[in-house]
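Chains A and B, in that order, are what the protein sequence lines are. All residue numbers for the first sequence refer to this note's numbering, where the first residue is 1 and numbers rise by one. All residue numbers for the second sequence refer to this note's numbering, where the first residue is 1 and numbers rise by one.
Do not take every clue at face value.
[Unchecked claim] With a Cα cut of at most 27 Å, we get these calculated DSS-like pairs of lysine-lysine:
#: 1; chain 1: A; residue 1: K493; chain 2: B; residue 2: K493
#: 2; chain 1: A; residue 1: K331; chain 2: B; residue 2: K331
#: 3; chain 1: B; residue 1: K331; chain 2: A; residue 2: K178
#: 4; chain 1: B; residue 1: K178; chain 2: B; residue 2: K274
#: 5; chain 1: A; residue 1: K508; chain 2: B; residue 2: K331
#: 6; chain 1: B; residue 1: K80; chain 2: A; residue 2: K178
Simulated from the structure, these hints should not be mistaken for lab results. All of these numbers come straight from a predicted model, not from anything done at the bench.
Protein chains: 2
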Amino acid sequence: MPDYQAPLRDLRFVMDEMLDYPAHYARLPGGEEASPDVVAAILEEGARFAREVLLPLNQSGDREGCLLEGGEVKAPKGFKEAYAQYVEGGWPSLAADPAHGGQGLPPSLAMVLNEMVCATNLAWGMYPGLSHGAADALRHHGTEEQQATYLTRLVEGTWTGTMCLTEPHCGTDLGLIKTRAVPNDEGSYAVTGTKIFISAGEHDLAENIVHLVLAKLPDAPEGSRGISLFVVPKFLPDAEGNPGERNGVVCGSLEHKMGIHGNATCVMNFDAAKGYLVGAPNKGLACMFTMMNAARIGVGIQGLGLTEASFQNALAYARDRLQMRALGGPKSPEKAADPIIVHPDVRRMLLTQKAFAEGGRMLVLYTAQMIDSVEHGTDADEKARAETLLGLLTPIVKAFLTEVGFEATNEGVQVFGGHGFIQEWGMEQLVRDARITRLYEGTTGIQALDLLGRKVLMSQGESLKVFTREIHKFCQAEEGNGELAEFVRPLAKLNQEWGEMTMAIGMKAMSDREEVGAASVDYLMYSGYVTLAYLFARAAKQARMALSEGTFDAAFYRAKLDTARFFYQRLLPRTRAHKAALEAGAESLMAIGAEDFGLGFEI
Amino acid sequence: MPDYQAPLRDLRFVMDEMLDYPAHYARLPGGEEASPDVVAAILEEGARFAREVLLPLNQSGDREGCLLEGGEVKAPKGFKEAYAQYVEGGWPSLAADPAHGGQGLPPSLAMVLNEMVCATNLAWGMYPGLSHGAADALRHHGTEEQQATYLTRLVEGTWTGTMCLTEPHCGTDLGLIKTRAVPNDEGSYAVTGTKIFISAGEHDLAENIVHLVLAKLPDAPEGSRGISLFVVPKFLPDAEGNPGERNGVVCGSLEHKMGIHGNATCVMNFDAAKGYLVGAPNKGLACMFTMMNAARIGVGIQGLGLTEASFQNALAYARDRLQMRALGGPKSPEKAADPIIVHPDVRRMLLTQKAFAEGGRMLVLYTAQMIDSVEHGTDADEKARAETLLGLLTPIVKAFLTEVGFEATNEGVQVFGGHGFIQEWGMEQLVRDARITRLYEGTTGIQALDLLGRKVLMSQGESLKVFTREIHKFCQAEEGNGELAEFVRPLAKLNQEWGEMTMAIGMKAMSDREEVGAASVDYLMYSGYVTLAYLFARAAKQARMALSEGTFDAAFYRAKLDTARFFYQRLLPRTRAHKAALEAGAESLMAIGAEDFGLGFEI
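Whenever a hint applies, use it, and build me the whole structure from the sequences.
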């Protein structure tokens with residue numbers, strides 16, 4: 001069975017040494033609660049919960065899947081009990097506002113813990129995970145009464161939430177939804193329609209489920225300007241706010257999926273279900289983005305968690321499995337063969353996983369500081385800057401970390417050879433679970449359009465400049481640092497190229513809008529590599545400092561430098577391919593007629 | 001349910017127009033049987049069989065899997081009947097020697113048909129597929145009696161074959177096998193041991209199963225020089241050569257796998273099973289490579305088939321699914337939204353699939369001509385050249401086509417968005433089935449070592465030069481052809497770079513053997529892209545010729561040119577990343593200590 005240790009040492013490096021979380025928390029209102037001791041204790045307790053409670057349920061949950069009987073869904077064995085422990089431990093309320101029953105700790109802390117949950121049991125993690133989006137929507141857009149009724153229960157975790165957006169004929173294009181909400185007499189709405197792909201739409205973990213549903217009011221404007229958001233509980237709260245009458249929303253069927261078998265992916269049928277408007281009429285899309293942005297970061301963290309899980313187990317196998325001799329001569333002559341970690345290509349795969357895990361962790365923690373600032377910051381300029389950077393980085397966190405997470409989990413299978421394909425070892429499950437992360441909450445293609453079209457070009461490149469200026473300042477400051485030249489020089493070059501390339505795309509896009517779509521995914525991947533290069537350069541600086549100051553942990557810092565070097569030398573060159581590909585422009589994609597794609601096989 | 005049409009038009013282009021198969025067949029002894037009419041009729045009949053018989057069993061076979069009861073394995077419903085039709089139709093004997101009951105058609109023809117089988121039902125295809133390796137081993141190394149007893153039955157298809165190599169503690173490193181073969185009195189051997197990952201090791205499709213088993217004789221030399229090959233039938237043939245007494249080999253269990261659920265992957269227990277030596281004692285490894293090389297090409301064809309299957313279905317979905325408007329303005333204003341094929345990024349994914357399918361098909365058919373020559377050629381020089389090229393291309397066909405096949409099937413899922421993750425649509429099955437192709441018959445890493453270490457460097461680069469000289473000649477001949485300059489110029493440059501880069505690796509490897517392993521996978525991928533670039537340039541030349549000569553099928557040739565351009569502009573730049581990565585050398589992989597990989601999480 002796969003094992004997992006939360007990467008506490010690496011977290012300490014990134015949080016305490018590299019990004020100075022102690023100072024960051026000290027500056028946040030209420031952040032003083034998050035003292036280094038408290039943070040360390042919470043992370044250790046979270047690590048224990050993930051390893052001891054969630055991990056043992058991961059393979060069994062995958063095999064067992066969910067069961068739908070008479071409209072009720074049973075999650076796999078043990079999921080309900082684990083969730084009860086999770087609620088008991090106060091985990092759902094960790095970063096929530098004390099006004100709603102939360103503990104008021106910074107959101108970043110919940111994100112760190114989320115990596116551990118995703119690494120040990122992604123399918124389970126999606127039951128509490130979906131609640132965050134629902135809670136965010138209610139916190140930002142709900143009435144006081146809605147907050148008192150629903151938000152407090154989501155915060156304490158006794159109820160869970162969902163996001164009901166997709167319908168059979170539309171996912172990306174929500175302007176097309178058909179679900180209707182007709183006003184009732186007493187201020188509520190009768191919501192009718194079918195939603196698909198609803199994660200945690202129905203289950204037995206919580207006593208009630210709070211659906212956040214996109215629907216159209218009668219006579220709503222066409223398209224996405226006519227969407228409204230409704231809260232539709234599974235059980236209508238009674239006078240005391242406890243689950244009362246069963247509402248008209250039921251799970252029609254469960255999807256059979258490639259992975260995340262332990263999570264119930266439901267078709268939800270709304271039949272004049274009683275719902276309540278959240279936010280203003282026809283402004284549902286904005287409310288939805290509130291849910292969506294948090295969810296997107298959450299999916300990026302899923303990619304990171306799965307990468308780390310796959311890396312740890314591939315590493316253990318590579319040290320254990322004896323096969324062939326090192327090309328340069330036996331390394332373990334006393335054994336029948338050398339452990340496969342001696343082989344350069346096995347190391348290439350392990351280092352790819354390691355670099356993406358550590359790079360992804362830096363990116364998540366860097367982004368998490370912006371989220372803290374946006375949520376709790378007091379300085380208006382700092383908040384505005386954080387908001388811009390967060391907008392820029394969100395599609396990168398979501399899409400880049402899931403794309404490379406899929407690659408990394410596949411490298412994990414590859415290290416195991418044929419055994420990687422066998423369910424028993426658990427490595428193929430990580431691939432199947434990772435596959436959804438490139439799709440849900442907006443595919444990689446959608447993230448890429450958001451990044452290049454909405455975030456970068458619509459701001460005339462300003463949002464990008466906020467980031468490239470920061471990188472530029474770093475490179476300038478370290479210009480004379482010979483020890484860092486191997487990182488800083490290529491980074492400075494790339495950083496400049498990033499800006500120039502963006503400008504060139506912007507120019508082309510002015511005469512042909514298709515140029516944006518044609519460049520988008522390669523642009524996003526390019527951006528992801530440069531972003532990680534920046535963070536690895538900072539990590540290298542930190543490691544160099546620790547080594548020159550003297551440390552009992554020199555091996556850790558040397559390994560960090562080796563990993564940064566591997567990233568720069570072996571992975572960063574992929575920017576060359578992405579740049580050349582996107583510079584080919586729209587013509588390379590649009591020349592062929594839609595009717596001509598199939599001429600090789602169509603009769 | 002997924003659909004499939006055999007790419008007959010594209011096959012005609014590659015075989016008849018580009019690679020002049022009619023002339024190639026006319027030159028082969030016995031090849032005159034393969035007249036254009038006969039070939040066309042066989043391909044059409046094969047296409048019908050794949051689509052009408054195999055395709056309907058693909059999803060059901062995946063869901064049902066195999067069942068082991070009392071040592072007997074039941075394949076999924078319909079598999080047995082489909083196999084009976086396959087045998088009835090004479091398909092197993094198509095390319096076999098008439099001396100063994102075969103029809104004597106060229107091997108290349110069987111390879112073309114194999115693409116169709118793999119595209120429609122990979123799991124089923126592996127039941128007859130494994131017979132080929134076993135038949136090859138017996139044909140080359142078996143005694144006349146063994147051929148009469150076993151080979152004829154494999155050829156007619158009433159019996160199937162297996163390759164029993166892997167054991168729990170060794171896959172790649174077969175020198176470590178523990179299975180023992182002890183001489184009996186009457187010339188047979190008692191084979192005892194456990195083999196794992198035995199595809200089609202036990203099933204109900206055929207009346208007997210012929211296991212080709214690697215085992216060690218008593219007092220055999222250590223390691224891979226002490227391996228012998230044995231034929232071990234499930235039922236010992238009686239005096240008439242019919243299945244008689246049950247032999248001591250049974251299926252102990254079935255593996256639960258990520259994909260190819262319809263194929264029985266068996267743990268096979270040999271308990272003093274009666275076996276017969278094939279070839280000379282202790283020369284089993286050479287015999288094994290006879291099986292292996294054919295099997296490797298076969299796995300490459302699996303990657304190709306799955307690519308084509310995924311492409312066809314993604315294309316149909318992209319034309320059908322309405323979502324969002326084209327960035328440049330509505331393309332189907334009468335509909336609620338535009339079909340997603342209007343979006344540049346969807347086209348990027350479809351063209352990636354298309355380029356890999358058409359490129360892979362050219363590579364397989366190019367290689368197939370070498371196989372024909374090696375097997376049936378009469379000109380010694382031509383045979384020797386074909387053998388060299390075949391040795392060089394085999395690891396590329398195997399590893400490159402499976403790596404890009406995995407990418408292509410994943411693009412297929414991505415085109416479907418969330419629906420791609422749902423089993424019903426069949427797209428995720430193609431990914432799961434494709435995943436094994438990167439692993440079995442030697443992982444990508446092993447193929448890469450074979451290519452760079454064994455084929456290229458051990459021949460002092462000579463084998464590569466045979467190929468690069470051919471490319472060079474092509475480039476020289478087309479130098480003045482302005483219409484082809486967009487292909488020929490970059491190809492000529494890459495071709496030269498390929499040789500220089502190889503020399504540089506060879507130099508480095510002289511002082512450090514690890515440099516070979518450190519460069520290997522990036523070298524293989526680089527080689528694959530350049531090889532496809534050569535073939536696309538030839539395709540472009542052919543398309544240009546057809547267009548300038550005038551044709552009723554101009555759209556097909558223009559689409560071919562568009563695909564070649566897409567490959568050159570969007571995929572070929574990946575060589576930049578592979579080249580830079582491999583030039584980082586062994587240091588980037590070997591610097592970090594084996595004990596230091598886990599310092600981020602180990603306590």
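Now for the hints, and whether the structure bears them out:
Taking the CA atoms of A/K493 and B/K493, the gap is near 26 Å; set against the 27 Å cutoff, the hint holds. For the hint pairing A/K331 with B/K331, the CA-to-CA distance comes to about 63 Å; that exceeds 27 Å, so the pair is violated. Between B/K331 and A/K178 the CA atoms are separated by roughly 23 Å; this keeps the pair inside 27 Å, and the hint holds. Of the supplied pair hints, the one linking B/K178 and B/K274 holds, its CA atoms being roughly 17 Å apart against a limit of 27 Å.
Taken as a hint, the A/K508 and B/K331 pair is honoured in the structure, with Cα atoms around 21 Å apart against an allowance of 27 Å. Of the pairs offered as hints, the one joining B/K80 and A/K178 is violated, with about 46 Å between alpha carbons and a cut-off of 27 Å exceeded.
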